[in-house]
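Engineer: Protein chains in written order, with my numbering: chain A, 1 to 771; chain B, 1 to 267; chain C, 1 to 150.
Derived from the structure by calculation, the hints contain no laboratory data. Among the hints, erroneous ones may be present.
Here are the in silico distance ranges between beta carbons for each label pair [as the list claims (entries may be wrong)]:
(1) C:K114 / B:E232: 48 to 54 Å
(2) C:K114 / B:D42: 45 to 51 Å
(3) B:N239 / A:D111: 37 to 43 Å
(4) C:E120 / B:S238: 47 to 53 Å
(5) C:K114 / A:E714: 38 to 44 Å
Glycine included, C-beta positions come from ideal geometry on N, C-alpha and C.
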Amino acid sequence: MKVVNKLHPSVDGKGIMMGRPAYTDDLTEANSLIVKVLRSPHAFAKIIKIDTSRAKALEGVEIVLTHHDFKRIPFTRAGQGYPEPSPHDKFVLDEYVRYVGDEVACVAAVDEKTALRALEMIDVTYEVLTPVLDFEKAKGNPSIIHPEPEIHEMFPIGFDPKNNVAASYEMNVGTIQEAMDKAEVVVEEVFYTQACAHAMMEPHTVNARIDVMNRLVLYSATQTPFHVRRILSQTLEFPLSRIRVIKPRVGGGFGGKQALHGEMFVSAVTIKTGKPSKMVFTRNEVFESTYTRHPMRITMKLGSMKDGTLKAIDCHILSDTGAYGEHALTVFMVAGSKVLPLYNKVDAVRFHGHVVYTNHVSAGAFRGYGAIQGNYALESTVDILCGKLGMDPIIFREKNMMKENETSPIFEIMGEGTAGTAMNMDSCKLEFCVKRGMELIGWKETYPRKQVSEHKVKAVGMAIAMQGSGIPYIDMGAATIKLNDDGFYNLLVGATEIGQGSDTVLAQIAAEGLETTLDKVIVYSSDSDLTPFDPGAYASSTTYVSGNAVLKAANEMKRQLIQEASHVFECTPEEVEYDGETFLHPEKNQKITLKQLSNRLYYNHGQKQLMVTESYVGTKSPPPFMAGFAEIEVDLETGEVDLTHYVSVVDCGVPLNPKLAQGQVEGGIVQGVGMTLYEGVHYSTKGVLATNDFLTYTIPTRDEIKRLTTEFAESYEASGPFGAKSVGEIGIDTPPAAISNAIYNAVGARITKLPITPEAILRAIRTGGTS
Amino acid sequence: MNMKQYFQAASLQEAYLKMIESSGNSIIGGGVWMKLSTKKLDAAIGLELLALDTIEETTDSYEIGSMVTLRQIETHPDLKKLSSGILSKAAGKIMGVPFRNLATIGGSIMGKFAFSDLLAPLLVMDVALVFYKAGTMPLSEFLDQRKMNPDVLIKIIVPKTESHGYFHKVSTTALDFATLNLAIASGSDGIKMAIGARPSIAVRAWKAENFINRQLKPTDADIEQAIMIACEELKFGSNNKASADYRKTLAKAYLKRGLKEVMYGED
Amino acid sequence: MKINFVLNGLPKTWVIAPGEMFLDTLRNHHITSVKRGCDSTSCGVCTILLDGKPVPSCALLSIRVDGHVITTVEGIASEVEKIANHFGEEGADQCGFCNPSMALTVYALKMENKHATDEEIKAYLMGNLCRCTGYIAQHKAIHKYLGDES
């Protein structure tokens, strides 16, 4: 392979670093109205009266909108395929506010100062209601967060808002009670994970204008431009054909931009006023009023024989989706579907639970998407089981874990919101990942622990993980390749570059398929008018789904090129030889370069525009796998933990751009480490988010990340473009369990709540157990 | 920042007079901390014309102008050695380099921030503050005052000393506010200890100091005793970061390590 | 009020309001390479050089720029291109939002201490957050840039 599986700097990195305008807020219309949103000070309240007359009278205020100004059409803000698995439980503006920071009204004014002043002049009378702030008390709580009659699910997801339930799910493989009864050793533990923030460096932002064709054109920092377009059309009842959504460069998403944020407001303002408008979220608003990870309580029960054969997995999850149900069911399901198959040879599995509403910040998509929470619980409980069995945790995993060519019945049962797709693990290098990871961390030298000084203990812990590659039979990606004169190509993809390198990797796939060089493939992405459809950057689907579409398009383009050359040579296509640059008919001694052919096709003879569009829908979702190993040092007197080394060995099929793939893994690892050790989330008793800026929400800094070692297994997934699977999410899944297991190995303290704090470790050491 | 006017003082007197003109007038150091508050100022007073941004050496002290940045303190060759460089070390742990290029020691002190990492080292280095109207006063006296008349901080006097110092900051991540911070200095005039971010503001552990300084040759048991006294006399509180109990545990562990380090040169 | 200063080698006279912060002033003048990432002076993406030293432009009062020299990436383009090449080679370029501010800080580091050790690189860049890369690839790239005498 000439272009893929090779290092290429990203196609846009240099331009970005050199400061070219690239991001949404760099591309606003001059004189845009500034849109600001009045936000609820109450966790749960009804707007009895809202008087905007003073605000409207303020000079420089163009428009003020309240729930009176919008038709009551419930929708979901979640960026997912239609019909969405998320309940339609949101109105653009409603008479209820459901979390501190929820939208009350919106103002558009000539400048920020005036807009903020106008917010202060909106008079609201609230009937303050009793909020539900404990997700373990949400189900059946007398305080009903969503009493509206119009809201609904799009298909059965167990939506029961009268009981504050957004979704419910249960699945069974075999008979769990029977299998658990037969098990000789049973362990059970309860785990809690927190509502982490994505903390991407670019705050959410969007701007809108009416263009010369009288169409609404948005630039939005979004992961799902096509879903945004559809949801805007349906909810504002504005013709889909008159909306264009463009995604420019995005400063990080990780799932936090996989749902609408300000698009409704700038669209409504621009449609009603005819004037361009923009909205930039403050960092406080990003924390308080966009999305978080779903906090969960996970009860994990494992049943095994004394010889270490795992027989039964019983997993119950209670998930908190906050004020609205974006991604409620699907994140919940992934906590099972992309975790439990790791131990595929059990007799029975039960996975069940519900997702409840609370008056917290709305939870949504976040890298890992349930898998990191589920992995923490499963891989911690596996180590607990090994302790009870007296069995080495590596040997236990090697005995029970998924291997190449095996399968799990869970794949067929669990999809994303609906039934799944059966598949064999055509590529699964977990065994290698575990063995190689052990070498790289020095497992044998350290496991379980070593005293390194008077008050410091060093230890190692590990976890295995899997994820997916796209959503089979649901998500379709497409690509268009256009031939230009001079012999270069435009690659048009809907696929959404948000910093993960998709423009670069998809260009590499195209270049490899076309047998040309990367500089001859010019990528343009994510414009709902100019690029073909793509669901967007989520579910680790870009390389596998969008990439397969690109490869199909490249292959078809090559076929058409050879056809054209055969016209030139007056022969059959089979007689043409092509090396990506020159077409050759050896016997007739004829040749023509791509450059010459492309010019001829534009200007001289048999003129035509060669342009190919191909689509791809996955028929399976081949999981990437990894083994994560943590080496830590624990201070026995203070409980403080230093993460001295984290090893990742990943099977993502063929890494199409090894350095960018490594960046995906390491970026994920550090986010996972943040969730494990550093990112505490605190609410006040009144439901005010206390950790709402970078001073209080502490993501890992350079100092915390001492050493990362990342390697890829030799692997090849035949169904993927040039053997690739995916790598966008897998990196985040292992740190909670790996580090938690290491801490147990260090000091015998099992921490079952994230983040793991030094105080919790000390408390567990002192009480001799679990904290 | 919310202000009606920006006033560049041409002299200390001008700055002082502008300050007392209205309670809505305030001196701005680097402005980095002030920016975080929603306070609406009438006049913000800048001292950049007054050459208060230098560190001068005298025979027995270093005089740090109130507009000296944290970065200057962090990198000053002499301060990096004074009392084992604890002041430079503490300054260097505050946020990042760009932040420290703007933040001033004057702003940090006048803000009386409970989370401040500078106050504990400044206390054990027995620094004095020099004000325009109030004259010279020890830092501890300034911190003890509940309310002070508006004044302009001119400089901080740091006595020269041969003492050994220890500074430690406990925090979740390197950029986080301290869960606890503490400083110790040990020299010819005895041992001094200060603990800050308890979460309340840094204070000297006077009783513990009295105790240990009365021992001719303090033993390990004396150190334990001194630590116990310190944890008794100082109040620790609970918040989202940590419980009072845990802060006490941290104080014990790091006081012990620090005292051993400054007294026996242990690391 | 008016401020007179030098921006990337060219003299400028800009009208500003008393409490205006320089980040807003820059972006209002279409210097889009300087970004806003937070409201608490804690992320670093707004970093610019003031007389060659990195400062957070979100906390820099525009009035205080009067008489000083400001550098953004547009002013040191060939150095930034070098840094970008090293970042590209290490796969350290992801979303890019922190990259212009990073380039300025890295350049300032090279001017201050071109023999910085890896620990010193980390310490100097501590205030420049990144959520995408996990930092390691950036440090490799910066290490190479510091040693790049081309």
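Engineer: Next, verify each hint and record whether it holds.
Structural biologist: We went through each hint and held it up to the structure:
In this structure, K114 of chain C and E232 of chain B meet the distance hint of 48 to 54 Å, their C-beta atoms being roughly 51 Å apart. One distance hint, 45 to 51 Å for the beta-carbon pair K114 of chain C and D42 of chain B, holds here, with the actual separation near 46 Å. At about 38 Å, the beta-carbon gap between N239 of chain B and D111 of chain A stays in the expected band of 37 to 43 Å. For E120 of chain C and S238 of chain B, the hinted distance range of 47 to 53 Å is not satisfied, since their beta carbons lie about 37 Å from each other.
A C-beta distance of roughly 40 Å is found between K114 of chain C and E714 of chain A, which places it inside the suggested range of 38 to 44 Å.
Checked against the numbered hints above, the structure breaks only hint 4 and satisfies the rest.
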